[in-house]
Amino acid sequence: MRLILKNGVVFEGESFGASKSIAGEVVFNTGMVGYPEAFTDPSYAGQILVCTYPLVGNYGVPHKKAWESDKVQIAGLVVSEYSENYSHRTAKQSLADLLKKSRVPAITGVDTRALTKQLREHGVMPGVLTNSKEVAKFADPNKENLVARVSPKKKMVYGKGRFRLVVVDCGIKENIIRSLTRADTTIIRVPWDYDFTREKYDALILGNGPGDPTMCKATIEHVKKAMADGKPVLGICLGNQLLALAAGASTYKLKYGHRSQNQPCVETNTNRCYITSQNHGYAVNGKTLPVGWEEWFVNANDGSNEGIRHKSNKWRSVQFHPEAAPGPMDTMWIFDEFLEQIRV
Amino acid sequence: MNKPKKVLLFGSGGLKIGQAGEFDYSGSQAIKAFKEEDIRVVLMNPNIATVQTDRGLADTVYFLPLTEEFATQVIQKERPDAIALSFGGQTALNLGLALEKNGVLKKYGVRVLGTPVSVIRDTEDRDLFVRRLTEIQVKTARSYAAKNMSGALKAAGKIGYPLMIRSGFALGGQGSGVMNSRSELQKKLPEVFRSTSQVLIEENLVGWKEVEYEVVRDSADNCVIVCNMENIDPMGIHTGESMVVAPSQTLTNEEYHSLREIAIRTIRHLGIVGECNIQYALNPTVAAGAGAKAANVDYRVIEVNARLSRSSALASKATGYPLAFVAAKLALGYTLPELKNSVTKQTTACFEPALDYLVLKLPRWDINKFENAQFKIGTEMKSVGEVMAIGRSFEEVFQKALRMLSIGADGFVAQRNGALDVPDYLDEIREATTRRVFALANALENGVSVEKISELSNIDKWFLEKMKNIVALGKRIRSSKKLDATLMREAKQKGFSDRQLATLKKTTEANIRTLRKKLKVLPSIKQIDTLAGEFPAETNYLYLTYHGTEHDVKRGKNQIAVLGSGPYAIGSSVEFDWSCVQALKTLSARGWGTIMINSNPETVSTDYDMSDRLYFDELSLERVLDIVEFENPKGVIVSTGGQIPNNLALLLHKSRVKILGTSPENIDRAENRHTFSALLDKLKINQPAWAEVGSPEAAAGAAEKIGYPALVRPSYVLSGAAMKVAPDKESLLKFLKRAADVSPDHPVVISKFIENAREIEIDGVAQKGKLVVYAITEHIENAGTHSGDATVVLPPQRTYLETIRGAQEITKSVLKELHITGPFNIQFIARENNLQVIELNVRASRSFPFVSKATGYNFAELSVRAMLGENIEGQYRTLDLDYVAVKSPQFSYGRIKGADPRTRVEMASTGEVACFGDSYGEALLKSMLAAGFRLPHKNVLVSLGQEENKQKLLPSLHLLSALKFKLYATEHTADFLTIHDIPCEKVYKIRTEKSPNVSQLLENGTLDLIINIPTRIFVGENTDGFIIRRRAVDMNIPLITNRQLAEAFVAALAEHEHKSDGLKPKSWSEYRSG
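Chains as they are written, first to last, in UniProt numbering: chain U, 1 to 344; chain X, 1 to 1074.
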């Protein structure tokens, strides 16, 4: 099997997933643990994921209820060494079995460090994972509305708590839902373009999702309306970008994104530094925030925006993943703090 | 930030099991971090072989014992305003706690940097620790602290057997173990209480996964995990005895991050500032009920070490994160976001390294250097060193690491060394021994299932499957018709060396190398950059892997490579790392690019700022050639890293690698017994008679001719000691039958053992065969004690000038004959002015740092300059000094259960210390105290063996008596003392069961010195003498077993008693400036 990058560089290896060809955007993630969570994260829709940690598959795949969505979301997978044998009390199947069943191709035996350096130097780029000798047909998934592809088709409601939370599902990770599920919350999970402003609700949560945030025009309009209605808002990942766009700021595409579990983010008012889990290719341009808004977090490595908040209203969002899964749980307090605000 | 002006730093003293070279790394990094802030640093550390005690690092160095008395005097004299306790292991921490407790720190206004003392106490005292963790709902092993026997037995009743016992305030798990019954516990307790006041009785977690996290926290409460590590050997095997992999391999995201969250919660709650580690037991089978997500992870916190540790040195080398340096900055009050990642130089230190490789640490044992020692491993640490392998698959790092150990293993399989066969492999898997890893290989080769092995060992199946892959591939290669490119690549990716492939294909290593290059199966050079390639990094930290298609770096320019020492082992320790570091510094100062190759994570030579390129890889011919072929350095230095690089000299030379200094042919002439002997004959230099023979009978014949006692050295050792003195034919044959395989292929060397002779050594540097600088040292102990175990004096106190002159002449003629350029060490036996040469090393010796620091001339630096062709001739004053320096061995017998703690021809010490004095006596006493000895105050037990010992020690015994010591003596010794009017109390031998008995005396804890000279010098004995010596070690009673040392000690003690100024706390520079 071969991975062909759009710049012409080719990596050869062995197939261990579905035997089919796929085109996608090639991105890398530096996390060392948590592949079942990552591979089922809808934010990876349309992407061929490169794991920089060389050994993948060690502990198999757990039951579906521990996943971040109900299926494998990555378009394709590239690893240095797939571990044929797996061992863990929670394992229900091997990673290869899951990938085959999910019709997701995967390649092992690749110098993933050399590949990562390509992506770091040239930026993420389209690529094709293929077994055939045919000329590769590249595709840029960001030209497509990926959110529409992964978002659910209808509204779902969980819980019977007195605080009603609208959660916009643009491809949300299950652990955000789990993190918001409390005795006193009701979760109204709606499709990306659903007009939730007609619902009776206490707060709005904008979850993560794939692709270019400017594609989500309908969502942005609804968010503007929620803000006009004075509803508290919490955004996560894509939600950070949607809130920024609704506020009037702009977004841009990062050269190679942040996909890792070790991103240091400094909270601007306390100077405290948190280690965060991230998966995003687009970012908010902090300089374009309108009056009344401020950067909440910034990345300690590259200075990029990691969160925004409004100075007087209860509108805030983070670019990283406080719900972790995979990754560090240092910022779980963001959920508690937000819910506390609503309860007051 | 309230930065101190002057900081006192404690080192860790002599290397011992559980506390090795890693603290030279952490201490020297701390000094650099402090110096960068213009803080004056006062260092107290008697370990003279360390880099941290070098000139140009700390402002003032004290080679003094790390005791309350000396530390108090240094504080009085230096008046530091702060003290750093976390860079010198448990020794420094305990000393700091004592100084805080006795009020010295408060009295002199010394503040403790970093983690506050109250927090250290919370982590060290088990009850406090459990209480603090319970406050934040963090689970600890069920555990009770007991201060006496009845308390311990009561606690045991509550927990039930089997249970674990551990002693509080101990390094490396000393005094710990699994107790299966009440009677076993009753037997163990008195011994444990002797070295600690607190024993912990704990729930048995044997078989749980053992996981460790290295945590860094600043005073602003930022907290990050630098590395997590998983022990392949689960709970029940001390982490220092375990195979350890980083990052963890079998933990899920939930497990990894739940434990990470608990680590951060715990460290924040405790309030640690700087670096610490937290160890967990993780239940691999049973989930702890439903509920909150983290509750799916069933764990116990085992301990928190609020200081840099062996694990943190490993974590630092595993990730490239400069833990000790950062910890020192945090102790000064910096916050993590204020510090830069010194690897990328553009990202912050407040992050968690992402690895795109894995590392494996394997422990190195040297149990066979000890008589009667047990090979079982468990909850107490016995290993003396470790190696770390870096690669991109488990199989690769596993086979690499096994070779790095330098114990004769070619990898996991395809061994040429039959001694690695473990016939009773299932037994040694069930009850782990130091050979368990080879037992695993044997089991897998014999088709034992992974399930069965996992059941016996509790090792996770994932690791065993990987090991099985190696075995299976080995078989496939053996039966393959042709080693084609695909199979070759697979083999290399699974860690097979060219030599293993040669064994499997019945050809030579060179042939495999040629074929491999023809097939274009070549390793890639990869960088360790802490961020898995996410950001560009100018890192110099490199390794080789076959899981790659490109190099990360380009060939360097104008470089010289230095080969390191490999794992610490008995006889090869921090001294060689010191010489390597000097070589790097010397080359660098002269504008050379430096390449360091080493495999030992406990070293300073592998620090990120020591070389221009660090290849953390194997010191094998194959790997060194790989690196040299890529880098094409101007030369390679093999003479500073001890025997491992020295052994590569000729092989590299034959592969057309330029070796600096003495020509490899001449190195070989000195190494080869036959050619060296012929050389001495040619130069008319005396040597002890010897013979090399191919059968036990011929050995007996040779010994008869040469005369007993004979020194026996088999070339193929099956078990136990590699060297022994045989007093007669019977014991010679017995030894050869039991311990060795003697055949024409594996000959044995018999040489004359010279009794009642003195040993002297010359260390020096030569250039083009001419002696330039040398230092002559004298052993206090007579020949028969290995030079590494001897107490060494410089300048010599008892050697005749004529003897010194004779030794010089011999040295000069040997240097000339071998045309030596660079370092050398030559050892002599002197008896009545008659000198015989017993050994020549054409490399820096163990004593290089000692002679360099004692004389003030850096012999290692001079060696390198000589090798570079600089003229180093000059006036070097090394004999006529205004002070005396004494080097003492540091033993770790407390760790090696069952070993007889007496010195022999085989080396047993794990480290060394050295101190200075205005007199020989002062230097000797300080040096012995620095090695853990305590001066006696009242009760001394003497047991002197042969008549000759008694006669010769009579003046010393009179002195002891005059000094008002109460003497106890065993039967014959007591009679002898009575005859000579020395009052003493007679005690009966243990087996007589008569009272007063030696055993009562040993148990009641009143003895503060035992002088026990073995009755039969050469023969192992399971007698009273052995029991007395062993009990002395187990009960922590100072012990002297050598007659010459006893004499010297008593004389020094008498001198000390008569002088008022005592043992002076003078710094190194005060001695050197006179």
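Since the hints were made in silico from the structure, they are not lab data.
These numbers were taken from a predicted model, which means no experiment stands behind them.
Some hints could be false.
Stated by the list, open to error - Result set (PhoX-like, lysine-lysine): computed pairs, CA atoms no more than 20 Å apart in a straight line:
(1) K770(X) / K752(X)
(2) K554(X) / K117(U)
(3) K92(U) / K461(X)
Unchecked claim - Okay, the calculated beta carbon distance ranges per label pair:
(4) R121(X) / W333(U): 52 to 60 Å
(5) A472(X) / E134(U): 32 to 40 Å
(6) S19(U) / K481(X): 27 to 35 Å
(7) Y158(U) / T285(X): 30 to 38 Å
(8) W333(U) / N148(X): 57 to 65 Å
(9) S19(U) / E550(X): 52 to 60 Å
(10) W333(U) / E37(X): 48 to 56 Å
(11) T181(U) / G447(X): 27 to 35 Å
(12) W333(U) / S1069(X): 25 to 33 Å
(13) T285(X) / W333(U): 27 to 35 Å
Glycine is no exception: its CB is placed at the ideal position from the N, C-alpha and C atoms.
Results for each hint:
Among the hinted pairs, K770(X) with K752(X) is inconsistent with the structure: their alpha-carbon atoms are about 31 Å apart, more than 20 Å. As the CA atoms of K554(X) and K117(U) are separated by approximately 15 Å, the hinted pair is consistent with the 20 Å bound. Of the pairs offered as hints, the one joining K92(U) and K461(X) holds, with about 16 Å between alpha carbons and a cut-off of 20 Å not exceeded. R121(X) and W333(U) have their C-beta atoms about 30 Å apart, which leaves the hinted 52 to 60 Å range violated.
For A472(X) and E134(U), the Cβ-Cβ distance of about 36 Å falls inside the hinted range of 32 to 40 Å, so the restraint holds. The beta-carbon spacing between S19(U) and K481(X), approximately 30 Å, falls within the hinted interval of 27 to 35 Å. The beta-carbon spacing between Y158(U) and T285(X), approximately 32 Å, falls within the hinted interval of 30 to 38 Å. Here the CB-CB span from W333(U) to N148(X) is close to 46 Å, at odds with the stated 57 to 65 Å.
Evaluation of the 52 to 60 Å hint for S19(U) and E550(X) yields a failure: the beta carbon distance comes to about 28 Å. Restraint check, W333(U) to E37(X): a C-beta distance of roughly 34 Å breaks the suggested window 48 to 56 Å. For the pair T181(U) and G447(X), the supplied restraint of 27 to 35 Å is violated, since their beta-carbon distance comes to about 51 Å. Take W333(U) and S1069(X): their Cβ atoms lie about 53 Å apart, and the range 25 to 33 Å is violated.
One distance hint, 27 to 35 Å for the beta-carbon pair T285(X) and W333(U), holds here, with the actual separation near 32 Å.
Hints 1, 4, 8, 9, 10, 11, 12 from the list above are not met by this structure, while the remaining hints are.
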